[in-house]
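Order-wise, the sequence lines are chains X and E. Reading the first sequence from the start, the letters are residues 1 to 395 in the working numbering. Reading the second sequence from the start, the letters are residues 396 to 921 in the working numbering.
Rather than coming from a laboratory, the hints here were simulated on the basis of the structure. Be a bit skeptical, because a hint or two may be false.
[Claimed, not checked] With a Cα cut of at most 30 Å, we get these calculated DSSO-like pairs of lysine-lysine:
| hint | chain 1 | residue 1 | chain 2 | residue 2 |
| --- | --- | --- | --- | --- |
| 1 | X | 327 | X | 288 |
| 2 | X | 212 | E | 744 |
| 3 | X | 97 | E | 501 |
| 4 | E | 744 | E | 776 |
| 5 | X | 257 | X | 387 |
| 6 | X | 174 | E | 588 |
| 7 | X | 378 | X | 331 |
| 8 | E | 501 | X | 105 |
[What the hints assert, rightly or not] In silico contact screen, one side only, chain X against chain E (beta carbon under 10 Å); selected entries:
| hint | residue |
| --- | --- |
| 9 | 30 |
| 10 | 31 |
| 11 | 38 |
| 12 | 58 |
| 13 | 110 |
| 14 | 131 |
| 15 | 137 |
| 16 | 163 |
| 17 | 167 |
| 18 | 280 |
| 19 | 386 |
| 20 | 387 |
Each residue gets a CB set at the ideal place from its N, CA and C atoms; glycine is no exception.
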Amino acid sequence: MYTTKRKTILVLFFLSIQTLLLSGCWDRTEVNDLAIITAAGFDVTDDHKLELSVNIFITNPSGGEQMGGMSGGDGGGAGQFIVRSAAGLTMADAVSKLQQMLPRKVFWGHNEVFIFGERLAKQGVDEPIEYLTRHPDARERANVFVSKGLAKDVLQLQPSIERNTAEVLREMAKSQTGLNITVKELAQMLAGKANAAVIPWVEIEQAQGTQKATPFINGTAIVKNGKMVGRMNDYTTRGIMWLRNEVKSATVTVSPKGTKGYVSLYLIKSHTELVPHIDGDNWSVTVKIETQDDIVENTTDLNLMEPEHTQELETELGTDIENRVKKALTKAQEEMNADIFNFADAFYRKYPKEWNQAKDRWDEIFPEVEVKLETNPKVTRVGLTGKSLIKPEQR
Amino acid sequence: MGNWKKSLKHLLRSDRRKLVNAELPGKNQQTETLLSGYVNENLQIIQSIYADCSDVIFHDFLIGNKTKAVLIYIDGLTNVEEVDQHVLAPLQQNFTLEHTLPNIRKKIAVSSIKHVRTVADVIEEISSGNPVLLMNQENQGLSIGLSRWEKRGIEEPVAESVLRGPREGFIETLRTNTSLLRRKLKSPNLKIKSMNIGTYTRTPIAIAYIEGIADPALIEEMTSRLQRIEIDGVLADAYIEELIEDDPYSPFPQLLSTERPDVASAYLLEGHVVVLVDGAPSVLIAPVTFISFMQSPADYYERYFVGTAIRWLRFLFFAISLLAPSLYVAVLTFHQEMIPTSLLLTVAKSREQVPFPALVEALLMETMFEALREAGARLPKQIGSAVSIVGALVIGQASITSGIASAPMVMVVAITGIASFMVPRFTVGISVRLLRFPMMFLAGFLGFLGLILGIIMILIHLLNLRSFGVPYTSPLAPMKGRDMKDVLIRAPYWALNTRPGLSGESNKYRQAPGQQPGPTKRDEEG
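Build out the structure end to end from the sequences listed, making use of the hints.
As structure tokens, then:
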């Protein structure tokens, strides 16, 4: 009796082991079979197709040179990366075309940077964004950029300091000197009430001597209704960031009235609040900017230990911020009519009824919105010395 | 599940049934016989029992040149010099008293003398090394407590060494071991009950507990479980452990085996029961919890915060030893997006030349490590170090350069190996090392899903497990706030006011409260 039972158990046991091997739908992928993409760029071809370029990490050191040669990139050499491109009618089409060109499975899990070419940005970024937000593989926390010229050209750069373009751009965005926009934030902006978005603008700094060409963030691309409508330079970008409450680090240099030389202030913290107000047909926003700054350099002969001088500096600082903000406002309201500061949400939150009635006319209202600026800068510390040790006359 | 378990039980027990029904050897009619008043008659029976036993000595002599007597003992188990001096000498020379047993008893200068009445008793006493004296005209014999055999000295426990704290360890002799306990716990409340287990070995076994602290139900349960055992021989404490544990199919030990009298005494003071087995240099402690296996004697001999920190480290490395290779396999085959980009790029580069999937690679290296460990453990110390050098350095390095394994995998295996030795109890360490393999398969087939499934299965099993009625995961689940002071932290002694509640609630307080030390306050002085 026991022997038959024993046999049954053994048979059942081995049968159940088979199921482990028979599982057909198995998403196991070895690292060796992955084409690890670290950056992707989108361009438009001349026949209006979407061209997808990807930066692929070469895991095989010996195979690198051959593949690098095939990519035809001007970066060339024995780089660790290659750039491959494929064109398609849609994003998904382009991705599958790209897959056909690669021996390994396209792996989006470590893609940290998406770059839109200028031409594509002007035609509309919504199509790639639709794919990136829908497809589970792509990371929503990846950074997005708009490049001057072709995105592919940016990908092919081989910068000196970091491993690749993606790393350079990501670190630059992370340092918060410019805008830091991820796929998720871009999608939120595009789907938001304001219907306008900002994306950092990337340019290529050409090779100089031994230094290789490297990308850098220089201003902002303004997107409205999914299409790029213009760009702002570095100076105005700071204004946008003040208004969007995104300033994390800044060094502001001001020249107090009646003195020679400059005082530089380092930002400790800042906070911006948008207070909307509707009075009949008159829509207005009060922007309250509060910042705390430390003085890090003083080339004037002012003794900063005296409170009246620091107060003077605070006024100067306020004026500087206001100038930047006003410039950004003028451009956004008058030239581009793009609500990149998300006034729309501020109005909606405070005046939902009025907003719902007026939301179709927002494009008409926005340029007319009156913006009042209230800056409240504070100089908290003047540094380790009061008066400059060396008098200006002595210099 | 239930059916499966039942069938498996039948599978394992089918042989046992036959043995139970078979006649147990060693028990025959002869041994139950009472001793008769004729020494020759008795001698004949005993000699027939001890036929072909060349080490049993039958020494005939005359008491006071008149009464025939015989001294039976096993050579090597008895102190022959003392027998000659204190037994034979006074009986053979100038024995003037009447030749009766009480008179003889008076003459023998030995403190431990017992009367024996049956042949079975005689055999029992002879086997334990006590010489037995039989004489004419007496239907009783005398067992003289002069046993002495070769035994090891008390040495430092090998498997549980500490830097600070007692260095003595149990040895193979039961009496010495009980004396080690008695020397630490001098109270008469320390009870040591004895029994013999094993048809052939007749191994002496002692149950030690402290009356008034240990739960009487626990002692009763332990006694009844021990009495259930019918086995031909008990050669070490592991025999007993496997025959009395709650869940014989569990990979986790439900009794703690220790070589240290101080550990055993500490558990006795917390109301546990200690089972001492003759022939084993370690004792068994029950009931125990999972946490018991995470506590090392060193925790209690170092400063308490050091003990606490080391205990946390141990918990961390316990998790590593169970999960590290499977985590690595799961990440590399399913969840490549889970690790930092730079790490993935490095791993990808190092794995480029490796021909096997991560799972196979992990299994290969883990098996290799286990083999190295086993080979090193079974060899003499001098050769063992050579094995570890060849194994760890040469094979590790060569497997990377030859492209069989990647460097990160070798690192993971090495860390796992070290981690498994962090568990202070070898039995748990090795169980965890074995559990690692199914975990690796789960991770290799199902990724994190499999990993979590495995963890959940282990957790469910642990929560189901009991050691002598005490939940294995207590005091964590069921949560017992009072007992937490010696689980995640090792509280200082002045804060360990209450005994753990797992072995009953009697005698709750172990010390006076409020003993936190500090300089004497001035107003208290006067």
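Violating hint indices (sorted, rising): 3, 4, 6, 8, 14, 18, 19, 20
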